[in-house]
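J.: When you get a sec, could you build the whole thing from the sequences and use the hints?
Here the protein sequences come in this chain order: A and B. By our numbering, the letter at position 45 of the first sequence is numbered 45, and the numbering carries on one by one without gaps. Add 1000 to the 1-based position in the second sequence for our numbering, that's all there is to it.
None of these hints come from the bench; they were simulated from the model. Some hints here could point you the wrong way.
Computed footprint of chain B on chain A; a stretch qualifies when at least three of its residues, placed anywhere within it, have a C-beta under 8 Å from a C-beta of chain B [said to hold, decoys possible]:
#	region
1	22-35
2	38-44
Within a straight-line C-alpha distance of at most 20 Å, the following computed SDA-like cross-link-like pairs (lysine to any residue) qualify [as the list claims (entries may be wrong)]:
#	chain 1	residue 1	chain 2	residue 2
3	B	Lys-1323	A	Thr-41
4	B	Lys-1298	B	Cys-1231
5	B	Lys-1323	A	Trp-24
Note that beta-carbon positions come from the ideal geometry of N, C-alpha and C, so glycine has one too.
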Amino acid sequence: MSSDSGSSSSPPARRGLIAFAWVWVGIPLAYGLYELVQKATQLFTG
Amino acid sequence: MSPPVAPAGWSRWLVPPAALSVHLSIGQAYAWSVFKPPLESALGLSGTQSALPFQLGIVMLGLSAAFGGTLVERNGPRWAMTVALICFSSGFLLAALGAAVEQYWLIVFGYGFVGGIGLGIGYISPVSTLIKWFPDRPGMATGIAIMGFGGGALIASPWSAQMLESFGSDSSGIALAFLVHGLTYAVFMLLGVLLVRVPRTGKPAGADGPAVFEGPQVSARSAVRTPQFWCLWVVLCMNVTAGIGILEKAAPMITDFFATTSTPVSVSAAAGFVALLSAANMAGRIGWSSTSDLIGRKNIYRVYLGVGALMYALIALAGDSSKPLFILCALVILSFYGGGFATVPAYLKDLFGTYQVGAIHGRLLTAWSTAGVLGPLIVNWIADRQEAAGKDGASLYTLSMFIMIGLLVVGFVANELVRPVHPRHHVPAPAATEKEAADVQRQR
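T.: The structure is reproduced here in structure tokens:
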């Protein structure tokens, strides 16, 4: 079996794209988790 | 549309965020309940009527995943993500029009029918591609994506509620909220469409272990004729039924359970319990699915089903004697529920190969639709009957718990019956390789 596209380490331009892509999905997910934690604490304080 | 094959230097770590952008969006479906009260007051609907768009959406999810899986395999993930984007977003836009002109049927058709197709195609769109990029860690890869489906509701629920608060809960406010949802999700999902790439045949850069297309390969048409497919169907159906049994009635269940004790559960504490269950559901998707890469798929389902049954038995036997024990057991059950969803694509890949794993996964999701009806039906029907018989507190749910244990045991047995697929079902090696090669050629 042949190896796929080049080496396992990404070129610098790709690293920026990877960071952007993860931030793109990470920010709304972090917002959702923050809201979840706020609500979940009601179990212990409510 | 042809999805491009990854160019040289393309990182496989770009594929999970592409998948997440789709799953975090379509996961909004589980936050539909936010729109129910405003719709009911604005359009004069009953609770049953206002649930219709969601119910039709889930039915369409199952149908489009089952019948669209082969198309997804044939046309690739970019085509599938584009279809999901168009259907899911235009579903919201049609619903916005329906709310603006106060035509509820248009909301049902738009969000439920059109949007539901987006849910099904979107759900299966990245599965096959992720498995091909991560042949060494398929459980983790699909776990990330399917965790996103759980995360979508966590994002949409507070976001939609805030939007309705700002725009107002009348029909024009709801229409504006639907419009903003449709446009925002279109932009958000676009990242997935632009980023997703299929690997060239062979081993993707950075992957350990066997290459992508090694091992037995089975077509979707043959897979549904194998006992392994139907054993897994039973496994998934039983595991999901057991999870939904708690998830669907979580708030009233914890309130009823401890209603007759010295420390009853308040409404806000019950809401906190529901939120904690969602967290366990999400954590299970990524955590247990990644664990399956280490201990094997059959073993992890032994844990989901066997320990799950034990947790139900503990809840039933402990009754209202210990709140922490009840909460802990429920959290473990919900983590297994999420884990069961997230691990099944990798289990399918182990049994049937990567050849048409997306299409096979789509067909298997009919087990989810069945469980979606079965789980709530069992718990609600029994709780109503017990209440009519004059019971209260934990005893309202004791019988349901024992039924759930029975279902999990059935699932456990089905998992034990899973064996490697007989070679007569395998696609001849050259045919599978030629198909993959043709896909790559067409996609260039």
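J.: The structure should be examined with respect to each hint, and the outcome stated for every one.
T.: Hint check results:
1. 22-35: Per the Cβ count (9), the hint holds.
2. 38-44: This one holds; 6 residues, not fewer than the three required, reach chain B with a Cβ under 8 Å.
3. B:Lys-1323 with A:Thr-41: 16 Å, holds
4. B:Lys-1298 with B:Cys-1231: Given that 20 Å is the threshold and the Cα spacing comes to 12 Å, the pair holds.
5. B:Lys-1323 with A:Trp-24: 39 Å, violated
Checked against the numbered hints given earlier, the structure breaks only hint 5 and satisfies all the rest.
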